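So the sequences go chain by chain: X and W. Each residue of the first sequence is one higher than the one before, starting from 18 at the first, in the numbering used here. Each residue of the second sequence is one higher than the one before, starting from 117 at the first, in the numbering used here.
Honestly, I wouldn't trust all of these hints.
What the hints assert, rightly or not - Which chain W residues face chain X? A few, computed with CB under 7 Å, are given here:
hint	residue
1	ASP130
2	HIS131
3	PHE150
4	GLY253
5	PRO288
6	ILE290
7	VAL306
No lab work stands behind these hints, which were simulated from the structure alone. These numbers were taken from a predicted model, which means no experiment stands behind them. The beta-carbon is built from N, C-alpha and C at its ideal position, and this holds for glycine as well.
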Amino acid sequence: MSNASSLDQHAADQHGYGASHPSGILRWLTTTNHKEIGSMYLIFALIMFFVGGAMILAVRAELFQPGLQLMQPEFFNQLIGVHALVMIFAALMPAATGFANWQIPLMIGAPDMALPRINNWGFWLLPPAATLLTLPFILALFGIGDGAVATGWTLYAPLSVQGGMGVDFAIFAIHILGISSILGSINIIVTIFNLRAPGMTMMKLPLFCWGWLITAFLLIATIPVLAGAVTMLLTDRHFGTNFFNAAGGGDPILFQHLFWFFGHPEVYILLLPVWGLMPHVISTFSRKAVYGYKAQVYAFIAIGVLGVIVWAHHFLTAGLPVPALLYFMYSTMAISLPLAVLFFCWIATMWRGAMSFETPMLFALGFIVLFGMAGLTGLVLADVAADAQYHHSYFVVAHFHYALFAGGIMGVMTGVYFWLPKWTGHMVDEKLGKLHFWLTVISFNLTFMPQFFLGLAGMPRRIPDYALQFAEFNAISTVGAFILGFSQLIFAYVVWKCIRGGEKASDKVWEGTEGLEWDLPSPPPLHSWEIQPVIK
Amino acid sequence: METTLPSTAPQPRDHQRLALKLLMIVAAAFAFGFALVPLYDVLCAATGFNGKTRAGMGPGGINVPGAVASPPSRIDLTRVVTVEFTGTVMPGLPWEMRPLTNTLDLHPGELHQAKFLVHNRSSETIVGQAVPSVSPGHAAQHFEKLDCFCFKQQTLAPGETREMPLTFIVKPEIDADIRTVTLAYAFFNVGAQKKPLKERE
Numbered sequence: 018m019s020n021a022s023s024l025d026q027h028a029a030d031q032h033g034y035g036a037s038h039p040s041g042i043l044r045w046l047t048t049t050n051h052k053e054i055g056s057m058y059l060i061f062a063l064i065m066f067f068v069g070g071a072m073i074l075a076v077r078a079e080l081f082q083p084g085l086q087l088m089q090p091e092f093f094n095q096l097i098g099v100h101a102l103v104m105i106f107a108a109l110m111p112a113a114t115g116f117a118n119w120q121i122p123l124m125i126g127a128p129d130m131a132l133p134r135i136n137n138w139g140f141w142l143l144p145p146a147a148t149l150l151t152l153p154f155i156l157a158l159f160g161i162g163d164g165a166v167a168t169g170w171t172l173y174a175p176l177s178v179q180g181g182m183g184v185d186f187a188i189f190a191i192h193i194l195g196i197s198s199i200l201g202s203i204n205i206i207v208t209i210f211n212l213r214a215p216g217m218t219m220m221k222l223p224l225f226c227w228g229w230l231i232t233a234f235l236l237i238a239t240i241p242v243l244a245g246a247v248t249m250l251l252t253d254r255h256f257g258t259n260f261f262n263a264a265g266g267g268d269p270i271l272f273q274h275l276f277w278f279f280g281h282p283e284v285y286i287l288l289l290p291v292w293g294l295m296p297h298v299i300s301t302f303s304r305k306a307v308y309g310y311k312a313q314v315y316a317f318i319a320i321g322v323l324g325v326i327v328w329a330h331h332f333l334t335a336g337l338p339v340p341a342l343l344y345f346m347y348s349t350m351a352i353s354l355p356l357a358v359l360f361f362c363w364i365a366t367m368w369r370g371a372m373s374f375e376t377p378m379l380f381a382l383g384f385i386v387l388f389g390m391a392g393l394t395g396l397v398l399a400d401v402a403a404d405a406q407y408h409h410s411y412f413v414v415a416h417f418h419y420a421l422f423a424g425g426i427m428g429v430m431t432g433v434y435f436w437l438p439k440w441t442g443h444m445v446d447e448k449l450g451k452l453h454f455w456l457t458v459i460s461f462n463l464t465f466m467p468q469f470f471l472g473l474a475g476m477p478r479r480i481p482d483y484a485l486q487f488a489e490f491n492a493i494s495t496v497g498a499f500i501l502g503f504s505q506l507i508f509a510y511v512v513w514k515c516i517r518g519g520e521k522a523s524d525k526v527w528e529g530t531e532g533l534e535w536d537l538p539s540p541p542p543l544h545s546w547e548i549q550p551v552i553k
Numbered sequence: 117m118e119t120t121l122p123s124t125a126p127q128p129r130d131h132q133r134l135a136l137k138l139l140m141i142v143a144a145a146f147a148f149g150f151a152l153v154p155l156y157d158v159l160c161a162a163t164g165f166n167g168k169t170r171a172g173m174g175p176g177g178i179n180v181p182g183a184v185a186s187p188p189s190r191i192d193l194t195r196v197v198t199v200e201f202t203g204t205v206m207p208g209l210p211w212e213m214r215p216l217t218n219t220l221d222l223h224p225g226e227l228h229q230a231k232f233l234v235h236n237r238s239s240e241t242i243v244g245q246a247v248p249s250v251s252p253g254h255a256a257q258h259f260e261k262l263d264c265f266c267f268k269q270q271t272l273a274p275g276e277t278r279e280m281p282l283t284f285i286v287k288p289e290i291d292a293d294i295r296t297v298t299l300a301y302a303f304f305n306v307g308a309q310k311k312p313l314k315e316r317e
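Based on the provided sequences and hints, a complete structural model is requested.
Have a look at this one:
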C-alpha cells in the first residue's frame, strides 16, 4: 500500500481499507468520500453560477437601452435559454446535492453515503453535461452549427422540433443531468432510510434531511417524465414520430403538459432543501428550539404532493377548458397554505428569541422577506383572470427570480455561510460576508423590483428589443444586475479566504447550534461516524 | 463522540435492495411519461377538451375503423345551430384555402356536407395534412365528422385546385346554450414540418 499522505495512511490503518489512495487528479476522479464529493459538487455549482451569470449579464447589457446594440436576436434567445438551464441544472441543483453529501451523513450519524461509487458517478456526469450544454456556443464560433438551444429553457414544441442542433445538445445534456440527479436522489433516500444512527427515528430526523428526502422523491418521480418528453422531442426531430407534430396527428400542447409535469415539481425540488435548512439557521441564531417540527415535516410532504398536481398553471392561457382552469387555479392557491405554515414556523422560532445577526442569519432573514414576495406575487399569477394579463410578461420573470434567486440562491448562500466554518475549520470573514449580503439584497431588488412594473405595464419576456416607454425601468434593472453580478465575486473571495485560513472555528461553531454534526471536530476528519452515535 | 455501541449499520445488500426498488419507481415514471400521450388523447376525446372532435383520427391522422359514430336517432327541429367554417394555411405550405360555405344554419341531428377549396400555388407536388379544431371546446364532443378530408393526408399537384368535402352531424345532445359552433382547419405541410426554420419558406 502506498503511503501518499499521513492522513490517508491514518484512514487506511484505522479503518482497514484495502484500497489504494491515489493522489492528484486521480484522487478526485475516483473518490467515494462524501465530503470530497460534496466539495466537488459545491465548487462545480459555484463555477457554473458564474457561467450562467455571465450569460445573463450579456442579456441585461443588451436590454440596457431599446434597440439592438450588442447582439442578434438569435444569440439573445440562446443566452436566455442556456442561462436558465445552467442556473437550474448546473448551479442550484448541484449546490443542493453538495449540501446533502456533506451534511446528511454528518447529521444522521452515518459513516458515508450508502452508495459511494454511485455518488462518484453522479458527480462526474455533471461536467460532461455542462459541456454539452455550452459547447454549441463555441462550435458556432468556428462556423459549426447555429449556436446553442434558442427556445428558452422550456423547449416548447413546435419551435424545438424545428430548431438547430443546439436543441439536440440540450436534449442530451438534460438526459445526462437527469441521470445524475436520479442517482444522487436514490443515494440520498437509501442513506436516510438505512443509515440513520440507532435511535434516530424518522420524527427525530433533522429538518434539512426531511426537506431533501421529499426533494429526492420528487426527483425520481418527475425527472423521468422530462426524460421521456425530451426523448419524444428527439424522435420527432430525427426519427419520424409525430408526438408534437400537429400535421402528423400530434399535439404541441402535449409537450407543455409533459414538460410542466416535471417543471412545477422542479421548483420545489430546488426549494425544499433550502426550506429544510432554514429552521436550523433560524433556531441557531435565535437560541431557541425549532418551532413546529412536526408541522414543518407535514408541510414538506403536503407541498411535495400538491406540487405534482398543479402543473398546468404554467400555461393557463393555452386554451384550457374552464373546469380545468378552475381546478388548476384552486389547487395552485392551495399550496400557499402549507407554505404559510412554514413561514409561521420560521417566524415563531424567532419569536422572543435571543437573536443575533451573523451573516448566515442575515441571509436567512433576507430569504424570508424576499421569498415571501415571491409567494405573494405567485398567488397573483395563479389567478386565471389576472394571469391572462401577466402571462409571459416581465412580471413572471420578476416573480420566479424572487423565488429562485432570493429563495434558491440566497438560501444556498445561507447554508454556505452557516456550514463553511464546520467544513473548513475556519470562521468566515464576517465583515466581507455582511458586505456581500447588503450588496446582494439591495442590488437584487434594484434588478428585479422594476421588472414587476415592466410586466404590469405589458413588457413581454424573451425579447431583445422593446418599446421606448420601458427604457427607464430596464436601465435601472441592468445597473442592478451588474452590481448583483459583481457582488458575487466577494462571495467567491470569502469562500476562498475561508478555505485558506482564518480564525479557528470551535466544534460547535455557533453558540446556539444543536445536532450531531456539531459534535464532530471542525473540520471533521475525512472519515467520521465510523462508529455510529446512539440517539437517546 | 460520546456514547458508542457496536455498529449496527445495515449491510450493502440492504442498500442494493432499496436502490433497486427506487430504480423501479424511476422506470415506472419514465413509462408514465409515455403513457400520458394516449391518456391525454383519451381524456380529450372523452371530454372534448382542446376542441378534439369525436369521430377522431387515429395516430398519423388516419381514420380508425369503428371510430365513426352511428347516425343519431332523431333530429331536433326545435332549434337551430349555426356552424361557421374557417381555414388557415400554416407557414411553410404554399397553399391557399377557403371554405365554399362560410356558415350553415342547421337543426341538430341533420346530416350536412361542407366543402373547402384548396389550391396549390407552388410548382411542386406537396403533401398536406389538415388538423381540425372546434370552438367552443365543449361543443367538440357533439360534433361528429362522418367523412373528412382531414382523415388522411392530401396531395396536390403543382397549381392544382381541389374541392375538399366534409360530412358531419351536430348531435342533438349538444348544449342548449350553444347557438354557434366554429370549425377551424389548419393545413400543415407534412414534408416541411421538421426542416429547420431557416430552410423553410
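Each hint tested on the structure:
{"no.": "1", "hint": "ASP130", "result": "holds, 6 Å"}
{"no.": "2", "hint": "HIS131", "result": "holds, 4 Å"}
{"no.": "3", "hint": "PHE150", "result": "holds, 5 Å"}
{"no.": "4", "hint": "GLY253", "result": "holds, 5 Å"}
{"no.": "5", "hint": "PRO288", "result": "violated, 22 Å"}
{"no.": "6", "hint": "ILE290", "result": "violated, 16 Å"}
{"no.": "7", "hint": "VAL306", "result": "holds, 5 Å"}
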